[in-house]
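Q: Spelled out, the chains give:
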Amino acid sequence: MGVEFVKNKPLINEYVNFRFTYLLNRNNTPNSQRNLYMQSGVSSNGLDNFFYGIHGDWETRRLFAGFGIKKTEAKVLNYKEEFLQLGFAPYVGAYGDLHTWLMIKTKKNSATDTSTTYPVIKFFKGNALFEVGYNNSSEWDVHLMYRL
Amino acid sequence: MKNLYLCCLIACSLVVLAAEESMHQMHDHEGHLHDTMVDGSLLKVNPVRFDNFVSKLTEAQVAIISVNGMVCDFCARGIAKTFKKDRAVTKVDVDLAGGKVFVAYKINAKIDFEDIKEKILSNGQNATNLQVIKI
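These protein sequences, in sequence, are chains P and F. Each residue of the first sequence is one higher than the one before, starting from 1 at the first, in the numbering used here. Each residue of the second sequence is one higher than the one before, starting from 1 at the first, in the numbering used here.
Some hints could be false.
With a straight-line Cα cutoff of 25 Å, these simulated BS3-like cross-link-like pairs (lysine-lysine) come out [what the hints assert, rightly or not]: (1) F:K85 x F:K106; (2) F:K85 x P:K125; (3) P:K122 x F:K110; (4) P:K7 x P:K75; (5) P:K107 x P:K71; (6) F:K134 x F:K85; (7) P:K125 x F:K81; (8) F:K106 x F:K81; (9) F:K84 x P:K125; (10) F:K91 x P:K125; (11) P:K71 x P:K105; (12) P:K80 x P:K105; (13) F:K117 x F:K91; (14) F:K85 x F:K117; (15) F:K81 x F:K119; (16) P:K125 x F:K119; (17) F:K44 x F:K110; (18) P:K108 x P:K71.
With beta-carbon atoms standing in for the labels, derived distance ranges [unchecked claim]: (19) P:R62 x F:G124: 15 to 25 Å; (20) P:L63 x F:G124: 14 to 24 Å; (21) F:S55 x P:D57: 50 to 60 Å; (22) P:T117 x F:V54: 41 to 51 Å; (23) F:L130 x P:V6: 57 to 67 Å; (24) P:N27 x F:I111: 20 to 30 Å; (25) P:V76 x F:E114: 49 to 59 Å; (26) F:A109 x P:A128: 40 to 50 Å; (27) P:V142 x F:A88: 39 to 49 Å; (28) P:T117 x F:E118: 40 to 50 Å.
Since the hints were derived computationally from the structure, they do not count as laboratory data. Glycine included, C-beta positions come from ideal geometry on N, C-alpha and C.
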């Protein structure tokens, strides 16, 4: 469960999502992990503003593939967001090293009827993770995470 | 701006590839340590990582846990943190390449594989084997 603050540029509004993520399936092997999640949530704009979808990923120490489909139903507009992300690690670091991933991400949004593909670079070391991507439509796509 | 970003991305790639080559040259090329335990099972660990781990340990038990699904450093951090909460645990390290977690316990501590399995599972991975060495 979690809370996310959303600034939706195409629809020019801001709101809070109370979200719930549930692990549907996971497969661990000596060299890989695959996950499939269901996600749903409701917006601070009211109970008739909600979303649901699935997302999943598969990764080894060298390769990554992820996807997600999310349907949002809101007062003003119903729309669907999809993404596909593929990446590789240019080197395989040991525990404690700086780890680097080079990725490409494609996003499609039915509200704006746009599709965009852009590069993403991801670093993590220790408990800190930093991910940055850039695309023409929504500009910077930045994620920071620190494990407490 | 986009071209600048792509150039930065390519430059970063070259830097990390060079770093990898540098790290590769510094690595020990003896591979994994294959030693036979008293019960006849084979101990397969990274010798450099394992030697570093046990080098300052005395009067301890070392649990070598084989883990499936431990593919990233960030996930392994969670495993290490979970074990460090255990008062019987004195040291934890991870061999990502070998899929192993090294846990040093106090010499008189009881090591329960079911408890270890639960700790690993709570982080999203599966413990598949346990070997214990007394130092």
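Q: Confirm or reject each hint.
A: Going through the hints against the structure:
1. F:K85 x F:K106: holds (14 Å)
2. F:K85 x P:K125: holds (21 Å)
3. P:K122 x F:K110: violated (40 Å)
4. P:K7 x P:K75: holds (17 Å)
5. P:K107 x P:K71: The given pair, whose Cα atoms are some 14 Å apart, holds under the 25 Å limit.
6. F:K134 x F:K85: holds (21 Å)
7. P:K125 x F:K81: holds (15 Å)
8. F:K106 x F:K81: holds (17 Å)
9. F:K84 x P:K125: holds (19 Å)
10. F:K91 x P:K125: holds (20 Å)
11. P:K71 x P:K105: Cα-Cα ~19 Å, so holds.
12. P:K80 x P:K105: holds (17 Å)
13. F:K117 x F:K91: It holds: about 18 Å lies between the C-alpha atoms, which stays within 25 Å.
14. F:K85 x F:K117: holds (15 Å)
15. F:K81 x F:K119: holds (10 Å)
16. P:K125 x F:K119: holds (23 Å)
17. F:K44 x F:K110: holds (23 Å)
18. P:K108 x P:K71: Distance ~12 Å between K108 of chain P and K71 of chain P Cα, so the pair holds.
19. P:R62 x F:G124: 15 to 25 Å: Given range 15 to 25 Å: holds, Cβ gap about 19 Å.
20. P:L63 x F:G124: 14 to 24 Å: holds (18 Å)
21. F:S55 x P:D57: 50 to 60 Å: For S55 of chain F and D57 of chain P the Cβ distance comes to about 37 Å; the hint is violated.
22. P:T117 x F:V54: 41 to 51 Å: With Cβ atoms ~49 Å apart, the hint holds.
23. F:L130 x P:V6: 57 to 67 Å: violated (45 Å)
24. P:N27 x F:I111: 20 to 30 Å: holds (27 Å)
25. P:V76 x F:E114: 49 to 59 Å: holds (53 Å)
26. F:A109 x P:A128: 40 to 50 Å: For A109 of chain F and A128 of chain P the Cβ distance comes to about 32 Å; the hint is violated.
27. P:V142 x F:A88: 39 to 49 Å: holds (41 Å)
28. P:T117 x F:E118: 40 to 50 Å: For E118 of chain F against T117 of chain P, whose Cβ atoms are near 42 Å apart, the range 40 to 50 Å holds.
Going through the hint list in order, the structure does not satisfy hints 3, 21, 23 and 26.
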